[in-house]
Amino acid sequence: LFTLIHTTFITTSRMQNDAGENVDLYIPRKCSYSNRILGANDFGAVQINVANIDPVTGLYTKSYSTYAVSGFIRGHSEGDEALTALVKKNDANN
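Going letter by letter, the sequence shown gives residues 8 to 101 in the working numbering.
Source of the hints: derived by calculation from the structure; they are not laboratory data. Heads up, a few of these hints could be off.
Calculated cross-link-like contacts (lysine-lysine; reagent style PhoX-like; alpha-carbon spacing at most 25 Å) [stated by the list, open to error]: (1) Lys69 / Lys95; (2) Lys96 / Lys37; (3) Lys95 / Lys37; (4) Lys96 / Lys69.
Label pairs and their computed distance ranges (CB to CB) [stated by the list, open to error]: (5) Pro35 / Ser72: 18 to 24 Å; (6) Asn59 / Glu85: 20 to 26 Å; (7) Asn29 / Gly65: 42 to 48 Å; (8) Glu88 / Asp31: 31 to 37 Å; (9) Lys96 / Gly27: 22 to 28 Å; (10) Asn24 / Lys69: 18 to 24 Å; (11) Val30 / Lys95: 17 to 23 Å; (12) Tyr67 / Ile34: 26 to 32 Å; (13) Gln23 / Ser72: 31 to 37 Å; (14) Thr64 / Met22: 19 to 25 Å; (15) Gly51 / Asp25: 26 to 32 Å; (16) Asp25 / Ile60: 39 to 45 Å; (17) Tyr67 / Thr91: 16 to 22 Å.
The beta-carbon is built from N, C-alpha and C at its ideal position, and this holds for glycine as well.
Work out the full structure: start from the sequences and follow the hints.
And the structure:
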């Protein structure tokens, strides 16, 4: 009897930029409310930009905050609650 041992070396290739730093081809987004990863097939996920308002004048400051909400949250009819909580949390931090 002969025992055949087969060794396979798996090489992982990483993309590198000109500076030699490793960069990934795809960085998935995460839900801002639940921290779920938003996969490429999550067709119910949305990304919303909410305008930042100057509290004194009430005018748009030409900046915005970006929030991503997963299709799971939206599918359970909690999208409005999630967005409201995220905006309030951001408003309290500023």
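### Task
Could you say whether the range 18 to 24 Å given as a hint is met by the Cβ separation of Asn24 and Lys69?
Given a distance of about 31 Å, which is not inside 18 to 24 Å, the answer is violated.
#### Entry: Supplied distance hint 16 to 22 Å, evaluated on CB atoms of Tyr67 and Thr91
The hinted range 16 to 22 Å holds for Tyr67 and Thr91, with Cβ atoms some 20 Å apart.
### Query
That 42 to 48 Å hint for Asn29 and Gly65 (C-beta), does it hold up?
Check passed, 45 Å falls within 42 to 48 Å.
### Query
So the hint says 31 to 37 Å: do the beta-carbon atoms of Glu88 and Asp31 match that?
holds (32 Å)
### Query
Regarding Tyr67 and Ile34, is the given constraint of 26 to 32 Å on their beta-carbon distance met?
holds (29 Å)
#### Entry: Restraint check for Lys96 with Lys69, where alpha carbons must lie at most 25 Å apart
holds (20 Å)
### Query
In this structure, is the beta-carbon distance linking Asp25 and Ile60 contained in 39 to 45 Å?
holds (40 Å)
### Task
Could you check the hint for me, namely that Gln23 and Ser72 are 31 to 37 Å apart, CB to CB?
Roughly 32 Å apart at Cβ, these two residues keep to the hinted range, so it holds.
### Task
State, for the Cβ atoms of Asn59 and Glu85, whether the hinted interval 20 to 26 Å holds or is violated.
Given a distance of about 24 Å, which is inside 20 to 26 Å, the answer is holds.
### Message
Does Lys37 sit within 25 Å of Lys96, going by the straight-line distance between their CA atoms?
### Response
holds (17 Å)
#### Entry: Cβ separation of Pro35 and Ser72, checked against the hinted range 18 to 24 Å
Because 20 Å falls inside the window, the suggested range holds.
### Task
Hint says 26 to 32 Å; check whether the CB-CB distance for Gly51 and Asp25 agrees.
Since Gly51 and Asp25 have Cβ atoms about 38 Å apart, the given range 26 to 32 Å is violated.
Comparing the model with each earlier hint shows violations of hints 9, 10, 11, 14, 15; every other hint is respected.
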